[in-house]
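Participant: Chains as they are written, first to last, in this note's numbering: chain A, 1 to 362; chain B, 363 to 963.
Treat the hints with caution; some may be incorrect.
Said to hold, decoys possible - Calculated cross-link-like contacts (lysine-lysine; reagent style DSSO-like; alpha-carbon spacing at most 30 Å): (1) B/Lys941 - A/Lys40; (2) A/Lys67 - B/Lys941; (3) B/Lys824 - A/Lys57; (4) A/Lys108 - B/Lys863; (5) B/Lys826 - A/Lys105; (6) A/Lys26 - B/Lys867; (7) A/Lys220 - A/Lys40; (8) A/Lys3 - A/Lys67; (9) B/Lys852 - A/Lys26; (10) B/Lys758 - A/Lys108; (11) B/Lys863 - A/Lys8; (12) B/Lys852 - A/Lys67; (13) A/Lys9 - B/Lys852; (14) A/Lys3 - A/Lys265; (15) B/Lys826 - A/Lys67; (16) A/Lys105 - A/Lys87; (17) B/Lys878 - A/Lys26; (18) B/Lys852 - A/Lys3; (19) B/Lys371 - A/Lys67.
To be verified - So the derived label-pair ranges between C-beta atoms look like this: (20) B/Glu829 - A/Thr237: 53 to 63 Å; (21) A/Thr16 - B/Lys758: 35 to 45 Å; (22) B/Ile551 - A/Ser32: 51 to 61 Å; (23) A/Lys57 - B/Ile551: 53 to 63 Å.
Keep in mind that the hints were calculated from the coordinates and are not lab data.
All C-beta atoms, glycine included, are put in the ideal place defined by N, C-alpha and C.
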Amino acid sequence: MSKEELEKKAMISLLTIANAWYDQMKSGEIPSISLPTRTKYNLEFDDASEVWKYGDKESLRNAASAKSATHLLKMAYVIGFIKQQLKENRSSTLREMYYISEGWKRAKFSAQDESNFLIEDLEILSEVPREGFHLHPEENGASIYGPMRIREETRRGMKMIHCQDDVGQAGYTIPNNVENIEFVDHDAKFVIAIETGGMYDRLIENGFDEEHNAILVHLKGQPARSTRRMLNRMSTTWNLPILVFTDGDPWSYRIYGSVAYGAIKSAHMSEMLATPRAQFMGLQPSDIRDYNLPSDKLTEKDIEALKSELTDPRFATDYWKKQISLQLEMGLKSEQQAFAARGLDFVTKKYLPARLADMGII
Amino acid sequence: MVLADELAKQQRSISVAEFFEKNKHLLGFDSPTRGVITTVKEAVDNSLDACEEAQVLPDIFISIRKVSNEVFRIIVEDNGPGIVPAQVPFVYGKLLYGSRFHQIRQTRGQQGIGISAAVLYAQLTSGVPTIVISRTGNKESAHKFEIQIKIETNEPDIISEGPFEWDRIHGTRVQIEFKSTMSAKKKLIEYLRYTSVVNPHARFRVELDDESFTFERVSQEVIACPVAIQPHPHGIEFGQLKRMAAVSELKLPDFLVESFSRVGKKSAQEICVRSGLKESLKVKGLSTEDLKKLLAAMQEVAVPAPPATQCLSPIGEELIRRGLEKEFQMDFVAARTRPSAVFSGHSFMVEAAIGYGGRLPAEGNAILLRFANRVPLMYQQGACAITGCVTGINWKLYNIPSQGGFPTGPVLILVHVASTNVPFTSESKDAIAGIPEIEKEITLALQDLGRELKNFVSRRDKGKLAEDRARAVCAIIPEIAEKVSSIVEKPLVDTTPIEGKLMRKMIAKKATRDGKVMIELNNYTAHDADVSVYEISSDNAADAVPKADFTSEMDGQFTKVWKAAIPARAVWRVTFTGKGGGILDIRGIEDAKKMVVDLDV
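With the rest of the complex left out, here is chain A (with noise of 0.2 Å):
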């Protein structure tokens, strides 16, 4: 969908939504609105795209008691907002947003959370992205490094860049907004997702990108959106697998799923933003076990959410939960850099080439 096209239905679906509360309130009623319940209960499936999307599980919030009717507020002056800035061609940040409501009275935001989370019930109730608000997030920074081309259109004019050649030692930052990039040409076998900023700068450093062709990307913990539709393009675009590495602890899995699988947050925009073919590298409970890696003991809030994962529909696999019993049965955690325990060099000459192997990569 064009840029134009976008604002268009971006400002139709706004309009509809104040519309049917006028009509609403014209017709006597308390305004009310409906919305997919945002839970891990009400997630399903989708077979077509192979991605997890919100279910038919829908709450109604009606302006009948003060907390949901100032709810209701707040999403009118929110509405009341974007239309304004769409007609001046003006964007924001979501944190500028959050500051320009402490100038609305009752429906001033308490925390950037509450905003940030209306912006996302207004994306599934018009199925526009917020960048069709004009809405967008802080830059994230998350980062690429390995043997591939994009063109990216930038502020300053279009530019050519290979993420090996032409960037520093610490890569190719990902920008707010991937639909400016155009995927040019590569020369890789693989992508490995990588969670934490040591473990990337380690696999730089002992040339794992060019020893191997892989494209090393830094999620820089729980991946940003536009961190993760770069993944869910590169693999649609250009069909490389994508691999995920991680510390070895029930947060992590979390990162993984959100990758593979998308986000409860996020779950309306799931075929944007999820890249079912990628997959779990490590470090998985067994590797804890294998390799005797040093660990940590599960705290109480671990255990609690390896066992939420046990009934979270996205990691009800048989690997997963014969994963997350071991772990549980084990008591440990592992973070990725514990490898370095066995050298510097054993994560990329031994693991890596080891699990890769595994998974048939190579």
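Starting from the structure of chain A, add chain B where the hints point.
Facilitator: Positioned in the frame of chain A, the structure of chain B alone reads:
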């Protein structure tokens, strides 16, 4: 042999006073800070017990003042029956001397250690003798003593003694000086406040260095003094049985009937049969073996519970409520007095109360007030059976949040255990031991009260829900209407039909904009209504349209009253210049049919 001889030279008896000098913590004198509270507590306990026995309403004066750098002077004075001069030195100057130790009834003090321990503590830390003044009636003159304890022999040491001019007709005053600090002042005041809660018939006047206050009585009724009863066959131990048998001239069945409570002819015969002892035997001649058999038989035979009504003195639900209400401002308070019960032959009774809301701290752990025989337990909360019972209850069932089992939020819990023999965990009497029978009663009382509190909270929440809805409909929906109308670029949509449809009430709204106050009454009911509109604020409403029917001023606050006849589904409005704020109320219509909404909040 030589060594044993050496050792024998060092072996000698230890006086009680010497023992306690080395084991102060057993009596609650482990630190100087705690010493103040223990002393006040012991003296106040004695005063309350004495007043109860004399059937007078206690008036107790407590003063704690700094004399020198580290020394504090504690004075406790009461209007009790006084102590006869011959007894004074023993009461204050001899440990383990008391009138209540051998009696089976509910009293505060028991062993006769408390106050004399304070005298001993004063003597050890400041060296100043304790001064006691006591008078037994208007015909007698008062006597003044200076007393210490002879540590080696545990006998009173009278420094001086003589008649004294005293304005009180009867009563006792004790003045003790010892090294201490007032760092536990908060705890001391807490102790006095809690004491006043469970002794609502007493008045406490307190004077400290920097402040003075009074805990007033709320009941003018003298509480009935518990009457001593005979021991129950289930609650007796071998030593006591042996002593009783040694001084009795009676034959076995008569001895059992005469000396124990609730033992009749039939039970006595049954005990004799069980023990295998002949009924014709005189108890005086029984051997140790026979007495053991007898004791075992007494435990086995079913005997009714001891008569609790005479020997126990519960506070009562009404007085607990009043006692709590006077010291804590709460929205809800309920109290329960459980029927009396028995453990190992000792009667006991559990009383409990739960308070909620009001000025109680909204966050953090609930306040727990523990009492044994009307005495607050201030220390070792964690070791006490009461605390165990409180944390053992599933408070979530009663919609009360809890942390680690302990309820949190604006909750106050009071538990009072009254017994002829309160099972404390130690001599300092800080915590009640975990006796299953007592724990069961406490739990039942708290569960019962929990249910009552749950009802109260859910009733209150219902009211809140209605108010919340009114706020949404009357204040927020109009704002939504304003915003949405401007977004869709259509005329402002009128939301009053929504109000009327939902509320079916008389709705009064007040809004202040641009220096104008507007009050609007919408009669959404099906009936015409004659109401009075009251508004109290700093606005004088001189330019009000329509004019107020009545205006009065007090301290810059103007009360305005309008009389308004509003037909069904009609609107009445008044506007005037002003800053808004203040209070709005409608009268002349039942509460369920009206709703006041301040749009400025």
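Participant: Tell me the hint numbers this structure goes against, listed in increasing order.
Facilitator: 1, 8, 10, 11, 19
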